[in-house]
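Starting from the given sequences, assemble the full structure and let the hints guide the process.
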Amino acid sequence: MLGAAKVQPLEFLLSHITVIHDRTPTFITLNSLISLPPLGFLSPQARTIPTVALTWDRAAQPAGPYDPETCSPLLQPATMERRKFDWRRFSAPVAIASMILAALSVVLYFNIREFLTTRDEVRFDVSFYPITFCASGVNQFLGMRYAAPPIGNLRWRAPQDPEPKEGTTDAIDFGPICLGTDVTYPTSGQDEDCLYVNVWSPNNTTPDSKLPVWLFIQGGGYTSNANPNWNGSQVVNVSGQNIVFVNFNYRVGLWGFLASERVREDGALNAGLLDQRLVMKWVQNHISKFGGDPDHVVIHGLSAGAGSVALHLVAYGGRNDKLFVGAMSESVFFPAQPRVPDLEYQFNKTVEKVGCKDDKDQMGCLRSKDIRVIQNANIASPFPGRSANPLFYWTPCVDGDLLLDYPYRLYEKGSFLKVPVLFGTGTNEGSVFAANVATDEEFISFIADNYPKLTKNETDFMLNKYPLMPALPNHNAWFPSASQAYGEATFICPANNIMDAYVGANRSSTSWSYRFNVQDNQNVASGLGVPHVFEAPAIFGIDACPTPDSFRTYNRPIVSLMMNYWISFIRDLNPNTHKLNGAPDWGTWGKNQSRYVFELDNNRMEDVDDGQKSRCAFWKSIVQVTDQ
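Be aware that the sequence shown starts at 759, since it is given in the working numbering, and climbs by one per residue.
Take these hints with a grain of salt, some might be off.
Said to hold, decoys possible - Calculated cross-link-like contacts (lysine to aspartate or glutamate; reagent style EDC-like; alpha-carbon spacing at most 16 angstroms):
| no. | residue 1 | residue 2 |
| --- | --- | --- |
| 1 | LYS1127 | ASP1116 |
| 2 | LYS1378 | GLU1170 |
| 3 | LYS1349 | ASP1368 |
| 4 | LYS1111 | ASP1128 |
What the hints assert, rightly or not - Estimated spans, in silico, between C-beta atoms of each pair:
| no. | residue 1 | residue 2 | range |
| --- | --- | --- | --- |
| 5 | GLY1143 | LYS1223 | 53 to 63 angstroms |
| 6 | LYS1039 | PRO1228 | 31 to 41 angstroms |
| 7 | GLY1113 | LYS1371 | 49 to 59 angstroms |
| 8 | GLU924 | ASP1024 | 30 to 40 angstroms |
| 9 | GLY925 | SER1284 | 46 to 56 angstroms |
| 10 | ASN1232 | GLY1122 | 46 to 56 angstroms |
Hints were generated in silico from the structure; no laboratory data involved.
The model shown is predicted, which means the values in this text are computed figures rather than measured ones.
We put the beta carbon where it would ideally sit given N, CA and C, even for glycine.
Written as structure tokens, this is what we have:
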């Protein structure tokens, strides 16, 4: 159970609160496990607790899970005795108590089975959870199970609802993230038991608040949970306490995307995507208890999370399961996503490596193996016919169910959800991925290592589209061409072509796109330009995720601009409704392929140039070769 109490945002001042020792039914009992330094004015015998004003600069809020300004405990909990507060004296006793304790960076554990009304509680089956109160006006609920541990017999199966659990389960720490590719087990912070969800919501919400919900899908190339535990408190605050933010883990690598007809027969293909679908259902069932509106959920992804958003839009042929009403995609990721028969070699390599090759029940054998044995096989290998590893080895597959066909084809057929969308990319998406190639032969080899079905016909055409380009600092001659080709093939052109599909479906008026072109001096000097997902801190807030120094200094103005556009889309399915005062209107994509360019002191609309249009048409024309 989660207790939700009303806390004044950002700053408050209370002189004292009287602690009453009484057993009459009009009192509310608080069980508190709190983190406190030695305080002379507070003792188990104290009759009053003096407090002081608490304020801070919201923009300076750090992201770490153990910082008091983001409500997470710095100290080890110490058990305090049970206290009672007289709500005959105070109109909002829970709010007052929580404000006091928030000022001291405390974590409250509510025992409210007997005392609180329905609007004050959040129940998951028969489990109870503690709540962390933020003095900034945001509650955070961390490490809550949304699925049963996917271990043992539940490996490579669709996620199951968690078993009901009697008692109290801590919700004050993030759960472990899912095991990634090329990681040795055991490793700190990663585990097979990893299906956890986190929620940030305003303190003063009730089930009737019906706030828009921002459901974030992290990236990591389907090989890792690369954006774990990004802090949602800033976007909730900047929204004016008008949204609820959710993020979560999902299975990746071999654990989430092992594919074979044998997996289909005794398990589930695309288990990592099914984890994401279960979170969406969890939100439908539970988010109202945090003040969220299950009928107004917007999904948002970054990199592989953005690719996941694109896949959920075409899931089951565009079937509307009423899980979300809008979608935002930040650097949509379209690697090779083959059909199941083309991935049998991965399964065969896996069962051979772990000693299950000759077992009549290979899936049963895999499920019986120690986690270390399986994780040792969670590695990358070259695609068939190639000598070098691809950048991303484990990816979603066309399974004939969740994904009926290559995503590009589904969009071309119109088999997608017709909801408002916002898609965009950075200018130099490929720069952090491209090999530092010196010759055109090395350039072709790098692209073919990642899209192994390319023939000489396609690579010759590719060379024509991506000739030798001007040199970049610290890189070999053909690196700029490799960077542009990989960035457009894998990120930029998928976004542009998906936007065109929405225009073709007469959804132009609710489709927006952007190009992020904010320069960082260090990136430019290193030859990376504006790299993949560099805009993330401008969307989530400074230090809510890893933040380059330029966002704290000369690039800081872009943060409030972008945050408010994104929050506006979450709230109203339109980036303009609640934009920053004085910000330019963000025009829709349309037939001219118009997108917003984020550029310090030069934000504007632009039409995609003819060269990029031609190159994107090329990639779209060969999806049967690229498996996109």
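Checked hints:
no.	hint	in the structure
1	LYS1127 - ASP1116	holds (14 angstroms)
2	LYS1378 - GLU1170	holds (10 angstroms)
3	LYS1349 - ASP1368	holds (13 angstroms)
4	LYS1111 - ASP1128	holds (13 angstroms)
5	GLY1143 - LYS1223: 53 to 63 angstroms	violated (23 angstroms)
6	LYS1039 - PRO1228: 31 to 41 angstroms	violated (50 angstroms)
7	GLY1113 - LYS1371: 49 to 59 angstroms	holds (51 angstroms)
8	GLU924 - ASP1024: 30 to 40 angstroms	holds (32 angstroms)
9	GLY925 - SER1284: 46 to 56 angstroms	holds (52 angstroms)
10	ASN1232 - GLY1122: 46 to 56 angstroms	holds (51 angstroms)
Comparing the model with each earlier hint shows violations of hints 5 and 6; every other hint is respected.
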